[in-house]
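Protein sequence lines correspond, in order, to chains A and B. If you read the first sequence in our numbering, its first letter stands for residue 8, the second for the next number, and so on. If you read the second sequence in our numbering, its first letter stands for residue 8, the second for the next number, and so on.
A portion of the hints provided could be inaccurate.
Any copy, or any two copies together, can satisfy a pair, since identical chains are not distinguished.
Straight-line Cα separation of at most 25 Å, SDA-like style, residue types lysine to any residue; simulated pairs [unchecked claim]:
id, residue 1, residue 2
1, LYS30, GLY252
2, LYS358, ASP215
3, LYS30, GLU217
4, LYS420, GLY319
Simulated from the structure, these hints should not be mistaken for lab results. In this text, all values refer to a predicted model and were calculated from it rather than measured experimentally.
2 protein chains.
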Amino acid sequence: MTKGHPALLTDHYELTMVSAALKDGTADRRSVFEVFARRLPPGRRYGVVAGTGRLVDLIRSFRFDRDELDYLRSRDVVDAATAEWLANFRFGGDIEGYAEGELFFPGSPILTVSGTFVECVLLETLVLSVLNHDSAIAAAAARMVTAARGRGLIEMGSRRAHEEAAVAATRAAYLAGFTSTSNLAAGMRFGIPTAGTAAHAFTLLHDDEEAAFAAQVATLGRNTTLLVDTYDIAQGIRTAIKVAGPELRAIRIDSGDLSVLAQHSRELLDSLGATETKIIVSGDLDEYSIAALAAEPVDIYGAGTSVVTGSGAPTAGLVYKLVEVDGRPVVKRSEHKATIGGRKTAVRRHKPTGTAIEEIVVSQGTPDSRTGDRRLQIPYFVGGSPVDGLPSLADSREHLRQGLISIPWEGLKLSAGDPAVPVTVVPAS
Amino acid sequence: MTKGHPALLTDHYELTMVSAALKDGTADRRSVFEVFARRLPPGRRYGVVAGTGRLVDLIRSFRFDRDELDYLRSRDVVDAATAEWLANFRFGGDIEGYAEGELFFPGSPILTVSGTFVECVLLETLVLSVLNHDSAIAAAAARMVTAARGRGLIEMGSRRAHEEAAVAATRAAYLAGFTSTSNLAAGMRFGIPTAGTAAHAFTLLHDDEEAAFAAQVATLGRNTTLLVDTYDIAQGIRTAIKVAGPELRAIRIDSGDLSVLAQHSRELLDSLGATETKIIVSGDLDEYSIAALAAEPVDIYGAGTSVVTGSGAPTAGLVYKLVEVDGRPVVKRSEHKATIGGRKTAVRRHKPTGTAIEEIVVSQGTPDSRTGDRRLQIPYFVGGSPVDGLPSLADSREHLRQGLISIPWEGLKLSAGDPAVPVTVVPAS
Chain A
8 MTKGHPALLT DHYELTMVSA ALKDGTADRR SVFEVFARRL PPGRRYGVVA
58 GTGRLVDLIR SFRFDRDELD YLRSRDVVDA ATAEWLANFR FGGDIEGYAE
108 GELFFPGSPI LTVSGTFVEC VLLETLVLSV LNHDSAIAAA AARMVTAARG
158 RGLIEMGSRR AHEEAAVAAT RAAYLAGFTS TSNLAAGMRF GIPTAGTAAH
208 AFTLLHDDEE AAFAAQVATL GRNTTLLVDT YDIAQGIRTA IKVAGPELRA
258 IRIDSGDLSV LAQHSRELLD SLGATETKII VSGDLDEYSI AALAAEPVDI
308 YGAGTSVVTG SGAPTAGLVY KLVEVDGRPV VKRSEHKATI GGRKTAVRRH
358 KPTGTAIEEI VVSQGTPDSR TGDRRLQIPY FVGGSPVDGL PSLADSREHL
408 RQGLISIPWE GLKLSAGDPA VPVTVVPAS
Chain B
8 MTKGHPALLT DHYELTMVSA ALKDGTADRR SVFEVFARRL PPGRRYGVVA
58 GTGRLVDLIR SFRFDRDELD YLRSRDVVDA ATAEWLANFR FGGDIEGYAE
108 GELFFPGSPI LTVSGTFVEC VLLETLVLSV LNHDSAIAAA AARMVTAARG
158 RGLIEMGSRR AHEEAAVAAT RAAYLAGFTS TSNLAAGMRF GIPTAGTAAH
208 AFTLLHDDEE AAFAAQVATL GRNTTLLVDT YDIAQGIRTA IKVAGPELRA
258 IRIDSGDLSV LAQHSRELLD SLGATETKII VSGDLDEYSI AALAAEPVDI
308 YGAGTSVVTG SGAPTAGLVY KLVEVDGRPV VKRSEHKATI GGRKTAVRRH
358 KPTGTAIEEI VVSQGTPDSR TGDRRLQIPY FVGGSPVDGL PSLADSREHL
408 RQGLISIPWE GLKLSAGDPA VPVTVVPAS
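Using the sequences and the hints, build the whole thing.
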């Protein structure tokens with residue numbers, strides 16, 4: 008759990024840089040830092056911006072309290088003058104960036120932080136932690152949503168992730184189109200619908216399956232989901248319908264060959280008159296296994312481990328780089344990373360049909376405007392104050408849904424391939 | 008950040024099970040839940056128990072406050088009677104388990120929670136979140152420590168992980184033998200040594216590299232690390248020694264072919280008289296790339312992404328299963344998972360030389376005692392109260408170090424293979 012403010016969720020070197028810059032007079036140089044990805048994770052065709060809403064709240068409360076400053080002094084992380092400066096620290100700069108739920112590609116300037124060097128560099132670790140985590144989850148979740156083809160998706164991976172990361176993962180999965188979650192903290196904090204009925208333990212607790220189902224229906228009613236695979240699945244389904252009647256809302260199957268089991272379960276439910284009873288499947292589902300069940304009579308998928316761990320890509324590979332100092336573009340030269348300095352402005356260009364065809368990113372300038380262009384950056388902080396009327400989580404969810412419709416259809420394939428939309432970065436002229 | 012107590016970091020279904028069990032009279036059945044892994048992640052030969060220390064603190068404060076109960080009632084997650092019961096909830100059962108830093112293998116009963124069904128089931132999600140995350144990080148980190156062969160290892164991955172998961176990851180990496188971290192919150196909360204000096208941005212901020220190095224040395228002294236790869240590395244090293252003199256503590260290289268660069272840098276430093284100046288390398292290092300640098304003149308490794316994401320295994324695959332009800336072993340039958348019910352007692356058997364050869368896990372009984380056997384379970388909670396004198400983080404770190412010495416040498420190889428120590432699970436007789 009977080010003790011105190013988020014300011015200490017920060018790398019030691021951010022503070023030593025602040026110390027040194029305060030001492031040598033470079034602290035106030037006007038600086039622009041940019042968050043972008045050099046590449047997408049292997050096989051991925053798009054990234055999804057997520058976490059910005061959480062980040063705004065964290066930056067708002069980013070300050071150092073007395074205990075934290077005492078700790079920093081006691082370990083000699085900073086000198087007394089720097090501790091004094093930190094005691095009064097409030098971010099006073101500007102932040103603009105892609106809307107939460109926006110797609111991004113290699114080179115997209117998804118967040119731009121500008122102000123004095125010291126106020127911008129202090130935010131680096133926190134900005135990257137939040138965006139790298141949440142964006143990784145949202146991108147994996149979006150692929151599962153595409154694979155589910157309109158069927159419901161429950162996020163149930165909390166137990167496979169750090170207890171607080173799980174809450175953020177739930178938020179990112181919901182942003183990406185998941186319909187509900189098992190995580191109650193995410194329900195309370197973010198208003199996400201929660202779902203859940205019983206585990207195998209509940210059946211094992213009872214003298215037999217029928218007693219367990221009866222207890223559940225007595226408390227939750229027939230509009231519930233009975234977990235039928237603790238013992239024999241066919242018998243479990245018969246018992247479920249015997250106890251709850253054909254009005255039972257759903258059964259859940261959590262193990263075995265889900266493809267075969269879904270077919271047999273549907274036939275059995277129909278034969279028992281439970282034609283409206285839904286089938287929920289879970290158990291190590293990822294985007295590929297969800298896609299493989301497309302032809303089966305499944306109504307709702309439950310995904311856990313794969314969504315909260317980013318399905319093979321647990322971090323989004325975003326970096327936070329100084330690109331401009333006092334109006335001069337700067338860039339690290341070693342390794343010929345071919346990064347272009349300077350503050351960037353980004354638009355996405357679309358065909359008249361609405362399909363996105365290119366992202367144009369101009370350093371220290373503005374792209375020529377054409378019909379079908381959309382500006383990708385919105386303001387988040389101006390002069391240290393959060394902008395009013397930022398998009399809600401529901402807005403961001405809809406924004407992503409529209410974004411996924413706008414990219415070329417190959418971009419939605421699960422197979423590996425190039426980024427769905429190419430990015431052209433234009434250097435300062 | 009955590010709002011309120013950890014109780015809501017919990018799956019919805021834990022509470023509906025509590026509701027239903029309170030109503031049908033099964034709530035107080037004496038239950039035993041067990042945490043174990045069915046298998047290790049692909050390629051791994053051991054797991055490392057981590058997170059238990061954090062978990063004890065979280066269980067201690069596991070209660071529901073008024074806002075949380077109002078939320079649960081407003082969404083009809085629980086009925087009024089259950090909300091009332093939750094308002095008074097304190098865990099009153101017993102917990103025993105493997106010491107933090109203990110090695111584990113498939114089938115090892117790493118945590119056993121016993122008490123009434125409802126008090127035990129409520130802890131499921133939180134127990135698994137903490138242990139799955141922290142154990143995954145510790146296992147990956149332990150392999151890096153082995154690969155580093157006594158050289159220093161700095162954990163610097165905070166920016167690649169959720170901001171709170173990063174703090175827990177740091178703790179797990181330190182437990183596994185990392186020497187320090189970049190994460191200040193982990194330094195403050197857990198007393199872990201922190202380290203850090205400057206990023207490329209600090210060099211780019213200045214008019215030239217010499218000015219940046221001079222500013223850093225003016226603030227941090229010569230006992231610092233200069234990052235020499237912003238522009239040309241050889242020139243960076245010459246400038247570093249020019250500014251700091253041959254007493255400079257260390258240089259850091261964060262990009263390029265680290266093997267070649269370490270050799271060239273050592274030669275250059277020596278030729279400049281800086282024979283004691285250390286070489287720190289970083290940049291997407293994992294256990295394999297660390298091992299590949301064993302012959303190079305590297306003094307300290309910095310690892311980031313790979314450690315905080317578990318190097319390909321971001322979750323430990325631990326499950327929390329009901330194994331006993333009112334003294335009767337229970338087990339889920341579907342899928343023939345071959346799990347054996349009943350409360351387990353575990354010992355690890357050793358040769359006279361001290362090498363571990365087998366783990367014996369007996370259901371509802373105690374293994375025959377032999378010379379060289381070590382009991383693996385220690386008490387954590389008795390009657391709801393945490394046991395005094397639990398191992399410190401330093402104790403756990405030493406415990407793991409000794410544990411890794413005790414397993415057969417093949418178990419420390421990075422290549423894939425069987426678990427280092429076989430586990431024999433003996434059913435109740």
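Hints, one by one, checked against the model:
no.: 1; hint: LYS30 - GLY252; result: between (76 Å within a copy, 21 Å between copies)
no.: 2; hint: LYS358 - ASP215; result: neither (62 Å within a copy, 45 Å between copies)
no.: 3; hint: LYS30 - GLU217; result: between (74 Å within a copy, 16 Å between copies)
no.: 4; hint: LYS420 - GLY319; result: both (17 Å within a copy, 24 Å between copies)
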